[in-house]
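S.K.: The lines below spell out each chain.
There are 2 protein chains.
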Amino acid sequence: ARPVRAPRGTEITAKSWQTEAPMRMLMNNLDPEVAERPDELVVYGGTGRAARSWKAFDAIVETLKGMDDDETLLVQSGKPVGVFRTNVWAPRVLIANSNLVGDWATWPEFRRLEAEGLTMYGQMTAGSWIYIGTQGILQGTYETFAAVGRKLLAARQGTADHPAPPAQDAAEGPLAGTLTLTGGCGGMGGAQPLAVTLNDGACLIVDVDESRLRRRVGKRYLDEVETDLDAAIAKVCKAKEERRGWSVGYVGNAAEVFPEILRRHRAGELTVDVVTDQTSAHDPLSYLPTEYTVEQWKPEAEADPEGFTKKAENAMARHVQAMVEFQDEGAEVFDYGNSIRDEARKGGYGRAFAFPGFVPAYIRPLFCEGLGPFRWVALSGDPEDIKVTDQAIKELFPENKHLHTWLDAAEERVEFEGLPARICWLGYGERHQAGLLFNRLVAEGKVKAPIVIGRDHLDSGSVASPYRETEAMKDGSDAIADWPLLNALTAASSGATWVSIHHGGGVGIGRSIHAGQVSVADGTELAAAKLTALLTNDPGMGVIRHVDAGYERAAEVAAERGVKIPMTPAPGTAK
Amino acid sequence: ARPVRAPRGTEITAKSWQTEAPMRMLMNNLDPEVAERPDELVVYGGTGRAARSWKAFDAIVETLKGMDDDETLLVQSGKPVGVFRTNVWAPRVLIANSNLVGDWATWPEFRRLEAEGLTMYGQMTAGSWIYIGTQGILQGTYETFAAVGRKLLAARQGTADHPAPPAQDAAEGPLAGTLTLTGGCGGMGGAQPLAVTLNDGACLIVDVDESRLRRRVGKRYLDEVETDLDAAIAKVCKAKEERRGWSVGYVGNAAEVFPEILRRHRAGELTVDVVTDQTSAHDPLSYLPTEYTVEQWKPEAEADPEGFTKKAENAMARHVQAMVEFQDEGAEVFDYGNSIRDEARKGGYGRAFAFPGFVPAYIRPLFCEGLGPFRWVALSGDPEDIKVTDQAIKELFPENKHLHTWLDAAEERVEFEGLPARICWLGYGERHQAGLLFNRLVAEGKVKAPIVIGRDHLDSGSVASPYRETEAMKDGSDAIADWPLLNALTAASSGATWVSIHHGGGVGIGRSIHAGQVSVADGTELAAAKLTALLTNDPGMGVIRHVDAGYERAAEVAAERGVKIPMTPAPGTAK
Ligand SMILES: NC(=O)c1ccc[n+]([C@@H]2O[C@H](COP(=O)([O-])OP(=O)(O)OC[C@H]3O[C@@H](n4cnc5c(N)ncnc54)[C@H](O)[C@@H]3O)[C@@H](O)[C@H]2O)c1
Ligand SMILES: NC(=O)c1ccc[n+]([C@@H]2O[C@H](COP(=O)([O-])OP(=O)(O)OC[C@H]3O[C@@H](n4cnc5c(N)ncnc54)[C@H](O)[C@@H]3O)[C@@H](O)[C@H]2O)c1
Numbered sequence: 001a002r003p004v005r006a007p008r009g010t011e012i013t014a015k016s017w018q019t020e021a022p023m024r025m026l027m028n029n030l031d032p033e034v035a036e037r038p039d040e041l042v043v044y045g046g047t048g049r050a051a052r053s054w055k056a057f058d059a060i061v062e063t064l065k066g067m068d069d070d071e072t073l074l075v076q077s078g079k080p081v082g083v084f085r086t087n088v089w090a091p092r093v094l095i096a097n098s099n100l101v102g103d104w105a106t107w108p109e110f111r112r113l114e115a116e117g118l119t120m121y122g123q124m125t126a127g128s129w130i131y132i133g134t135q136g137i138l139q140g141t142y143e144t145f146a147a148v149g150r151k152l153l154a155a156r157q158g159t160a161d162h163p164a165p166p167a168q169d170a171a172e173g174p175l176a177g178t179l180t181l182t183g184g185c186g187g188m189g190g191a192q193p194l195a196v197t198l199n200d201g202a203c204l205i206v207d208v209d210e211s212r213l214r215r216r217v218g219k220r221y222l223d224e225v226e227t228d229l230d231a232a233i234a235k236v237c238k239a240k241e242e243r244r245g246w247s248v249g250y251v252g253n254a255a256e257v258f259p260e261i262l263r264r265h266r267a268g269e270l271t272v273d274v275v276t277d278q279t280s281a282h283d284p285l286s287y288l289p290t291e292y293t294v295e296q297w298k299p300e301a302e303a304d305p306e307g308f309t310k311k312a313e314n315a316m317a318r319h320v321q322a323m324v325e326f327q328d329e330g331a332e333v334f335d336y337g338n339s340i341r342d343e344a345r346k347g348g349y350g351r352a353f354a355f356p357g358f359v360p361a362y363i364r365p366l367f368c369e370g371l372g373p374f375r376w377v378a379l380s381g382d383p384e385d386i387k388v389t390d391q392a393i394k395e396l397f398p399e400n401k402h403l404h405t406w407l408d409a410a411e412e413r414v415e416f417e418g419l420p421a422r423i424c425w426l427g428y429g430e431r432h433q434a435g436l437l438f439n440r441l442v443a444e445g446k447v448k449a450p451i452v453i454g455r456d457h458l459d460s461g462s463v464a465s466p467y468r469e470t471e472a473m474k475d476g477s478d479a480i481a482d483w484p485l486l487n488a489l490t491a492a493s494s495g496a497t498w499v500s501i502h503h504g505g506g507v508g509i510g511r512s513i514h515a516g517q518v519s520v521a522d523g524t525e526l527a528a529a530k531l532t533a534l535l536t537n538d539p540g541m542g543v544i545r546h547v548d549a550g551y552e553r554a555a556e557v558a559a560e561r562g563v564k565i566p567m568t569p570a571p572g573t574a575k
Numbered sequence: 001a002r003p004v005r006a007p008r009g010t011e012i013t014a015k016s017w018q019t020e021a022p023m024r025m026l027m028n029n030l031d032p033e034v035a036e037r038p039d040e041l042v043v044y045g046g047t048g049r050a051a052r053s054w055k056a057f058d059a060i061v062e063t064l065k066g067m068d069d070d071e072t073l074l075v076q077s078g079k080p081v082g083v084f085r086t087n088v089w090a091p092r093v094l095i096a097n098s099n100l101v102g103d104w105a106t107w108p109e110f111r112r113l114e115a116e117g118l119t120m121y122g123q124m125t126a127g128s129w130i131y132i133g134t135q136g137i138l139q140g141t142y143e144t145f146a147a148v149g150r151k152l153l154a155a156r157q158g159t160a161d162h163p164a165p166p167a168q169d170a171a172e173g174p175l176a177g178t179l180t181l182t183g184g185c186g187g188m189g190g191a192q193p194l195a196v197t198l199n200d201g202a203c204l205i206v207d208v209d210e211s212r213l214r215r216r217v218g219k220r221y222l223d224e225v226e227t228d229l230d231a232a233i234a235k236v237c238k239a240k241e242e243r244r245g246w247s248v249g250y251v252g253n254a255a256e257v258f259p260e261i262l263r264r265h266r267a268g269e270l271t272v273d274v275v276t277d278q279t280s281a282h283d284p285l286s287y288l289p290t291e292y293t294v295e296q297w298k299p300e301a302e303a304d305p306e307g308f309t310k311k312a313e314n315a316m317a318r319h320v321q322a323m324v325e326f327q328d329e330g331a332e333v334f335d336y337g338n339s340i341r342d343e344a345r346k347g348g349y350g351r352a353f354a355f356p357g358f359v360p361a362y363i364r365p366l367f368c369e370g371l372g373p374f375r376w377v378a379l380s381g382d383p384e385d386i387k388v389t390d391q392a393i394k395e396l397f398p399e400n401k402h403l404h405t406w407l408d409a410a411e412e413r414v415e416f417e418g419l420p421a422r423i424c425w426l427g428y429g430e431r432h433q434a435g436l437l438f439n440r441l442v443a444e445g446k447v448k449a450p451i452v453i454g455r456d457h458l459d460s461g462s463v464a465s466p467y468r469e470t471e472a473m474k475d476g477s478d479a480i481a482d483w484p485l486l487n488a489l490t491a492a493s494s495g496a497t498w499v500s501i502h503h504g505g506g507v508g509i510g511r512s513i514h515a516g517q518v519s520v521a522d523g524t525e526l527a528a529a530k531l532t533a534l535l536t537n538d539p540g541m542g543v544i545r546h547v548d549a550g551y552e553r554a555a556e557v558a559a560e561r562g563v564k565i566p567m568t569p570a571p572g573t574a575k
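Line by line, the protein sequences are chains H and G. Heads up, the first sequence is in my numbering, so the first residue is 1 and it goes up one at a time. Heads up, the second sequence is in my numbering, so the first residue is 1 and it goes up one at a time.
Don't read these hints as lab results, they were simulated from the structure. No false leads were mixed into what you were given.
Pairs involving identical chains hold if they fit within one copy or between any two copies, as the list cannot separate such chains.
Calculated cross-link-like contacts (lysine to aspartate or glutamate; reagent style EDC-like; alpha-carbon spacing at most 16 Å):
| # | residue 1 | residue 2 |
| --- | --- | --- |
| 1 | K564 | D70 |
| 2 | K448 | E11 |
| 3 | K448 | D390 |
| 4 | K474 | E116 |
| 5 | K235 | D223 |
| 6 | K564 | D68 |
| 7 | K448 | E384 |
| 8 | K394 | E411 |
| 9 | K151 | E332 |
| 10 | K564 | E71 |
| 11 | K564 | E62 |
| 12 | K15 | E71 |
| 13 | K446 | D382 |
| 14 | K446 | D390 |
| 15 | K387 | E412 |
Please read all numbers here as calculations on a predicted model, not as lab measurements.
Required output: the full structure, derived from the provided sequences and hints.
M.R.: Okay, here's the thing in structure tokens:
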């Protein structure tokens, strides 16, 4: 055990904030409040690591402390491999994690290389040092469940094709009077119950590992834990009836519990309205088959990874079959980005892809506007700084009621984990305004220290992932991976402080390529120039990616907001 | 037919040389003197294209002409997709070609997407606008065959483990008195006969397409063409006996001719000393099966790509079997980077990987020093400018006899194709000196216009390709693709004028990821600063990549020449 926590306050040990910031953010990713298994350097999402080893961690910290503001550190899958003299506009850190040549991009080959000490799994924001705890996903999950609720409402009102925009002044949230069933209460999945209850829905969440559920109760993300299924069901049904947000965690294996609840649903004992899942399905060794207990999990997975994988895939086939049959019964069912459909397919279930991924179902229209998970962190460590930024953002976008609702809920309900941070979705034309605003707050001393600004790799123009972010693209370009690579090169060319290219992320080896960028608002003129370029161009990639794929909304946004696109696509012409 | 040729001279139509240069180089790649099939925008290597379509070509040219020196154009698989405001240190063009997510990285999926107009094959320097005709590969091929010759000499002298360094003052080249058999006389492969004869060897090269062979005779790369096998063999045997460089092209299918020559070799009719191949094996549709004539090739491949692929793989199995059996007979046999071993394996031949790739066999020690294919182009179009640079390079490196030998041979034997260009291998610590030298020549008016400086994607730190550049790495890290991505990010951070990330290149879809960078010595102070950073850091990646993999020579080079590496590897410790 070696607890790491980012330094707070205004005194720095690196030569400038441009190198202090990545150092603190790396440390913050491993803060026991933030990381799932800090001793093993695992931050979230199965085995997503912040550094390859403790030796590599120490070397990164040491190197960052000694670097000048025109030097650049290279990190190869969590290991620092070189320092080059570049220039002040260049990133201070360049990161590439978990990338493999296509024909070798398989879990067995990846694990072999990982065991040899040659690579690590970077997930999305673990190896790129901008994970901010469960809050990071909470806002996206909140947006998704709000969109689900709006779709259910619209369906009831017979306007399914045109779900109403967020009803800001509605007395109750869009999930009031509904029950959501889901699985997996880990680093990401733990955001689901609160996201549902913030939308006034009832939520039953299934996890095999009681400690995962208990932990979320402590953090106010989950209302209570039940080990008796009848009691758990009674509680959520009561909440649903009373149109009250309430969440219950049930300890069990989803591959058994989902079919059992389906049976009761069919028998008329309860009605489930929404079904999804966020177990760590993307990595079969992180999904517990029904044959084993939690205690047997690790030793069995290590002793026989291939046998374990087969069992896990079989369990997922049953798990997904229940989900598909819930859809047959009329429930709203979606894949929540963990690749469970493909694992179930491998487990022999033929209808695994009968329900859609959440991106085409709810998120793509937002991506067309360059909307995505904008997040920031107060390097001072002072929660007061986030309050100041929350207030300033509300004043910057006074008309955006949806944003105000979220920020108010977040201030009230979200507990900080690690350095105080905030997330909200902003689009093209908005993000750079927010960046410049934060830079001014720093320059004017309205916050105590510089602000780090980043985002998830799950963003509008930053990822190729045919089972998630780029599932069912209009032009069929799901698997084209040029976009995230251009995105990373653009970030490196636009003043980002660190830039990353990862493989695998939330959907697993072989299934995605994605890029990230982080910048530091340190109050200087140079930072202002960088933030303007970076936070314009980065969401701009989302707009051009969707224009190129033929989405009309994206073409409108590009035209209205002045995104330069050399070949404006004319319908019916060769691209 | 739409002939394109780069403008010559000092008048520019773009706003500066930083955008004029990529425009001229794109056009130069399509110059009928340079490109294999310019009408289809195919530059070399099967279907390696410079732009996705003529529309895309026009839009790229138009966009480059209008761009400021703080704007950046994004090119996605040959199509211009956006322009962003960045900064003067940022590249003017960012390129990503042919990249696919791992599980979709297959030829059928790639071809489907290509047919939909969503991607194109970029090869290495086709889609990255720094192909300079056959000369580009000639020097690398010359170096390789020289190394082969030295190895044969050392073996004869019983010092196989330590081949002598290039014997500069030897009266004859290292291949004198040997016969080399090879296949494929296309864009790359056409360099083989001259590379052999420059080393005083005899060479028999087999190609199905007579026009490909004739073309090389016109260009002085091949001495003569024969359609009669007995006559062809007699001629090369005579040259071998007389220890004289001489090359003969024979029209035939390698899958038939190689086994036939093996039969005669076994019968004692001739002795083949070296065997290799550069048919377009990486793309089975570009390899002619024995069932078809050259005329049937295109229609048959289009009518039934899968059936054609099977036939091609079967033919390659017989082709490679002959190569392996030549090795059994004592010949020096190597794969020359076209992935033919893996295709033969798919064609059902079990010993396909019995002979090594050329990189582990001859090139890796050079990579450890950051040595690789440094190339430059005179934008003036004036051959005199290259003469001036040749002379200046000789004066800059007066001790490097090996380099002088090559430059003298190149000046005498190499005909320019398209814009005058030169290539030579330089290492870490040398390349930036050459770049600064060229920048001074431009500033002082010793050459008439700026000089473009680039390299192949086949370089010491720019590629992950387990069947070629990273085959049999010491630590087993062959398939780790973080390195080329870090390389591209480093180039974008170090002042390159254009940067590219490609997938597939010479070995085909699913088998490699690689990066390129090009810069422009325009005589300014800014260019000098950029060239210093870029041409230090880019070969620096080669050094650190090989240090990390455990090569001692690379560690020595890093220590001697001051490459900063945070974790100097101690033997036996976890990496
Ligand atoms: N939708 C998104 O935006 C998004 C973003 C990131 C990650 N993800 C994916 O979501 C998944 C969850 O991520 P995480 O960070 O929460 O992972 P995690 O490893 O922290 O948590 C997974 C949880 O699933 C539980 N679990 C495993 N097998 C189970 C079974 N058979 N039945 C019930 N519970 C089981 C585990 O006990 C654990 O609590 C991953 O696949 C991740 O890649 C999705
Ligand atoms: N070693 C390296 O450094 C390197 C670099 C780049 C490319 N390559 C690879 O080398 C190969 C050749 O490249 P290229 O640009 O010359 O390709 P190309 O398409 O221009 O030429 C290939 C030649 O092979 C001939 N050919 C095809 N099938 C044949 C057969 N059955 N028998 C005899 N001849 C046959 C064709 O007629 C053609 O002339 C490619 O696979 C390329 O990817 C190697």
